[in-house]
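4 protein chains.
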Amino acid sequence: MTLTPIMDRDALNRFLETDFPQIHTDGKVFDVTDVGPGTVVMRLAPNERHLRPGGTVSGPTLFALADVAAYCVVLAHIGPVALAVTTNLNINFLRRPEPGPLTCTCRLLKLGKRLAVIEASIFGADGEDLVAHATATYSIPPR
Amino acid sequence: MTLTPIMDRDALNRFLETDFPQIHTDGKVFDVTDVGPGTVVMRLAPNERHLRPGGTVSGPTLFALADVAAYCVVLAHIGPVALAVTTNLNINFLRRPEPGPLTCTCRLLKLGKRLAVIEASIFGADGEDLVAHATATYSIPPR
Amino acid sequence: MTLTPIMDRDALNRFLETDFPQIHTDGKVFDVTDVGPGTVVMRLAPNERHLRPGGTVSGPTLFALADVAAYCVVLAHIGPVALAVTTNLNINFLRRPEPGPLTCTCRLLKLGKRLAVIEASIFGADGEDLVAHATATYSIPPR
Amino acid sequence: MTLTPIMDRDALNRFLETDFPQIHTDGKVFDVTDVGPGTVVMRLAPNERHLRPGGTVSGPTLFALADVAAYCVVLAHIGPVALAVTTNLNINFLRRPEPGPLTCTCRLLKLGKRLAVIEASIFGADGEDLVAHATATYSIPPR
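Residue numbers (my numbering), protein chains in the order written: chain A, 126 to 268; chain B, 126 to 268; chain C, 126 to 268; chain D, 126 to 268.
To be clear, the hints were calculated from the coordinates, so they are not data collected in a lab. Because the structure is a prediction, the values reported are computed rather than measured. From the three backbone atoms N, C-alpha and C, an ideal C-beta is built for every residue, glycine too.
Examples of chain A residues lying across from chain D (beta carbon under 10 Å, computed):
hint : residue
1    : 213
2    : 215
3    : 217
4    : 219
5    : 220
6    : 234
7    : 237
8    : 242
9    : 244
10   : 246
11   : 255
12   : 258
13   : 259
14   : 260
Whole structure, please, built from the sequences with the hints as guidance.
What follows is the structure in structure tokens.
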């Protein structure tokens with residue numbers, strides 16, 4: 126499976142801003158930092174709202190990071206199709222993240238006509254500890 | 126498996142307010158409405174922050190509802206152990222919810238010494254359409 | 126969602142025998158025992174091949190039971206479409222089953238044009254203990 | 126997380142033969158081919174029993190491959206603890222495998238005191254096409 130992205134980092138970030146403004150209600154929290162063949166890297170700079178006591182990032186925030194990053198890796202390879210929707214997301218929480226930014230690396234496991242399957246690995250601020258791991262399925266509307 | 130809750134609705138809602146205030150940042154959004162043997166029902170009254178264009182409730186909000194409700198059904202049966210943590214959550218998104226409150230019914234599938242497994246069904250405002258379905262695993266700290 | 130089955134118990138068992146003979150390599154192990162609106166009940170009579178030391182039924186056998194029963198509840202409602210395929214299956218193993226037959230109750234959570242989502246509950250020989258719980262997604266070929 | 130295996134390939138294959146003979150009922154089907162820090166590679170040589178019409182390997186066989194390989198990567202790092210049990214397995218089926226042997230690469234995402242989380246990638250005979258992808262949780266008995 127050779128995958129070639131057709132949207133780059135800036136195009137993805139612009140698309141999130143214009144078509145998905147609600148994820149930026151609290152400032153620019155989600156940021157695509159890299160795009161490659163079958164992959165996207167997204168950074169999350171958490172604010173108070175995303176934290177739990179002790180400074181750890183909340184579960185729903187980790188879920189949102191995996192979900193938005195998975196959406197981006199799909200869009201990067203099929204173009205800005207706003208109607209792709211998550212049908213399934215399975216997430217394992219592995220370690221409590223330290224306070225600080227998180228990085229999510231997403232990889233397309235499959236890009237079919239109707240379904241895309243994505244793996245998402247979320248790393249802590251040190252870039253080494255795997256904080257959470259998810260697999261997601263997106264349904265792709267008929268083109 | 127006979128399960129007897131040891132925290133009632135009011136005790137659960139008080140616990141959420143005192144130990145989990147961050148989920149109420151935007152007003153009282155999550156509300157335990159019923160507790161039974163092995164079950165908890167939680168209501169979500171979404172505000173603007175939880176909505177996507179068209180008035181539909183966002184995926185991360187559905188995730189948070191399933192996760193908090195699962196936490197409550199565990200606490201209801203083991204007492205206020207703040208350190209129970211989600212280790213896995215698998216969610217299927219079934220239908221776009223209509224605008225309006227959502228109801229999540231949680232059921233303990235297993236309550237072991239180390240792990241609890243919970244099923245969560247999220248219904249739309251009409252109380253009939255199944256909007257999302259999740260299973261979650263919580264790790265229970267040694268008592 | 127009102128669901129009306131269009132294949133009954135005998136039609137499903139005949140379909141399994143003619144189109145899916147490999148699941149009966151070791152004798153008639155899988156048996157549909159009941160069909161209702163949105164539901165199918167399947168019985169597994171394990172033989173030596175399905176057991177682990179101590180007489181407990183193996184994980185792959187529990188997986189196969191959930192998967193075949195999920196397939197049957199889809200077929201029961203869309204007709205004998207041999208090409209429906211599992212795209213995702215998430216299974217929680219809850220208790221070691223006692224030796225003896227197992228019963229799997231399947232329920233359609235969603236029956237869309239492209240995807241069906243099914244919940245499967247596997248009970249032990251006593252009919253009360255929940256041994257395993259699964260959710261599965263089937264992709265439905267265009268009709 | 127630095128992981129050092131304490132069982133090598135031959136030790137794992139011997140353990141499977143002596144403690145898990147039932148997986149070899151039909152001949153030596155499962156074979157550990159490589160062990161590394163946090164990883165195990167397992168080969169499956171399917172026989173008639175594992176095939177579906179058209180020569181494709183069945184879903185339960187792919188499940189069993191992911192499950193046994195995940196078990197081996199846990200054992201490789203904690204030693205031959207026969208009582209580690211799968212508590213959750215989530216599998217995505219991505220492509221119909223071509224006839225021929227399959228290879229499963231397993232990676233420890235977390236090795237805790239109580240739980241291990243493993244990622245399993247199953248490749249087809251060509252060694253390139255990703256046929257299925259799974260994540261599994263194993264419960265580790267107190268040592």
